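Work the whole structure out from these sequences, hints included.
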Amino acid sequence: DVKVTQSSRYLVKRTGEKVFLECVQDMDHENMFWYRQDPGLGLRLIYFSYDVKMKEKGDIPEGYSVSREKKERFSLILESTSTNQTSMYLCASSPTKQGVGVQNTGELFFGEGSRLTVL
Amino acid sequence: AQKVTQAQTEISVVEKEDVTLDCVYETRDTTYYLFWYKQPPSGELVFLIRRNSFDEQNEISGRYSWNFQKSTSSFNFTITASQVVDSAVYFCALKPSGTYKYIFGTGTRLKVLA
Chain E
1 DVKVTQSSRY LVKRTGEKVF LECVQDMDHE NMFWYRQDPG LGLRLIYFSY
51 DVKMKEKGDI PEGYSVSREK KERFSLILES TSTNQTSMYL CASSPTKQGV
101 GVQNTGELFF GEGSRLTVL
Chain D
1001 AQKVTQAQTE ISVVEKEDVT LDCVYETRDT TYYLFWYKQP PSGELVFLIR
1051 RNSFDEQNEI SGRYSWNFQK STSSFNFTIT ASQVVDSAVY FCALKPSGTY
1101 KYIFGTGTRL KVLA
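Sequence order for the protein chains is E and D. Residue numbers are given in my numbering: position 37 of the first sequence equals residue 37, and the series is strictly consecutive. Throughout, my numbering is defined as the position within the second sequence, counted from one, plus 1000.
Derived from the structure by calculation, the hints contain no laboratory data. Hints may contain errors.
What the hints assert, rightly or not - Restraint-style ranges between C-beta atoms, simulated for each label pair:
hint, chain 1, residue 1, chain 2, residue 2, range
1, E, Arg14, D, Asp1022, 18 to 24 Å
2, D, Ser1042, E, Leu41, 17 to 23 Å
3, E, Val52, D, Thr1078, 41 to 47 Å
4, D, Glu1015, E, Tyr10, 29 to 35 Å
5, E, Ser82, D, Asp1055, 41 to 47 Å
6, D, Gln1069, E, Pro39, 26 to 32 Å
7, D, Gly1062, E, Asp59, 32 to 38 Å
8, E, Arg73, D, Arg1109, 28 to 34 Å
9, D, Glu1015, E, Thr15, 41 to 47 Å
10, E, Leu41, D, Thr1031, 26 to 32 Å
11, D, Tyr1064, E, Thr15, 40 to 46 Å
12, E, Pro39, D, Val1046, 16 to 22 Å
13, E, Ser7, D, Lys1111, 26 to 32 Å
As the list claims (entries may be wrong) - Covered stretches of chain E (in silico footprint by chain D; criterion: 3 or more residues with CB under 8 Å from a CB of chain D, positions within the stretch not fixed):
hint, stretch
14, 45-59
15, 107-113
Stated by the list, open to error - Part of the chain D face toward chain E, derived, beta carbon under 10 Å:
hint, residue
16, Tyr1037
17, Phe1047
18, Thr1106
Source: prediction; values computed, not measured. Where a beta carbon is used, it is the ideal one built from N, C-alpha and C, also for glycine.
Okay, here's the thing in structure tokens:
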């Protein structure tokens, strides 16, 4: 079975602190995603990576950065947290290569989520 | 514009009742994929079904069934004889072919009462 593991389930931080959320998948998937989930807003894409060292901004990248130094690992960095970043953060991976003319039908495999509270 | 609407924010049913979760989507793409995911209290979204835009056949999997109608841009999900373990948040999602972009609905919280 595919496993997507997120490093922290619950975090409490103070405004201005740095947060590093790590995600590891064990099925050699090319694509990895970071979403945030908020009540009434569903899932919103923060960043996407389709290969090592490659990244693309999603819908709400402001205040976030990402790192993908190894294929299995995709990290989300909040350099200086603010209270409006209190949320559930979900990592996902997908097994199909992206590219022009290449169909991507792969479903997303999610981690259990990291609930961040910023005080 | 591409959009997924799940108008039902929360539904409560009594065990053994049937329940339908609605999903309406908007897209101009002719080739796309539709998904349903279940998010139990543990937090991890679990894939339930994928349907591509050229396959309008309904699907049944045990107590779960899905009704895809392109004419009304809907992809509804029915649980027959609901059980307490079905209590979760359910998300519908749309993904145009050839892109990485998944557009999620806001989710429907289903509570099945014993």
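Comparing the hints with the structure gives:
1. E:Arg14 to D:Asp1022: 18 to 24 Å: Between Arg14 of chain E and Asp1022 of chain D, where Cβ atoms are some 41 Å apart, the hint is violated.
2. D:Ser1042 to E:Leu41: 17 to 23 Å: Check passed, 21 Å falls within 17 to 23 Å.
3. E:Val52 to D:Thr1078: 41 to 47 Å: 42 Å, holds
4. D:Glu1015 to E:Tyr10: 29 to 35 Å: 31 Å, holds
5. E:Ser82 to D:Asp1055: 41 to 47 Å: 44 Å, holds
6. D:Gln1069 to E:Pro39: 26 to 32 Å: 29 Å, holds
7. D:Gly1062 to E:Asp59: 32 to 38 Å: Because 35 Å falls inside the window, the suggested range holds.
8. E:Arg73 to D:Arg1109: 28 to 34 Å: Since the Cβ atoms of Arg73 of chain E and Arg1109 of chain D sit about 32 Å apart, the hinted range of 28 to 34 Å holds.
9. D:Glu1015 to E:Thr15: 41 to 47 Å: 44 Å Cβ-Cβ, so the 41 to 47 Å window holds.
10. E:Leu41 to D:Thr1031: 26 to 32 Å: At 27 Å between Cβs, range holds.
11. D:Tyr1064 to E:Thr15: 40 to 46 Å: 44 Å, holds
12. E:Pro39 to D:Val1046: 16 to 22 Å: Holds, since Pro39 of chain E and Val1046 of chain D (Cβ atoms, about 20 Å apart) stay within the stated range.
13. E:Ser7 to D:Lys1111: 26 to 32 Å: Between Ser7 of chain E and Lys1111 of chain D, where Cβ atoms are some 31 Å apart, the hint holds.
14. 45-59: Contact hint for the stretch 45-59 of chain E vs chain D: holds, 4 residues under 8 Å.
15. 107-113: holds (count 7)
16. Tyr1037: 8 Å, holds
17. Phe1047: Status holds, d = 4 Å.
18. Thr1106: Thr1106 of chain D check passes; min Cβ-Cβ to chain E is 4 Å, inside 10 Å.
Figure legend: structure checked against the earlier numbered hints; the only hint not met is number 1.
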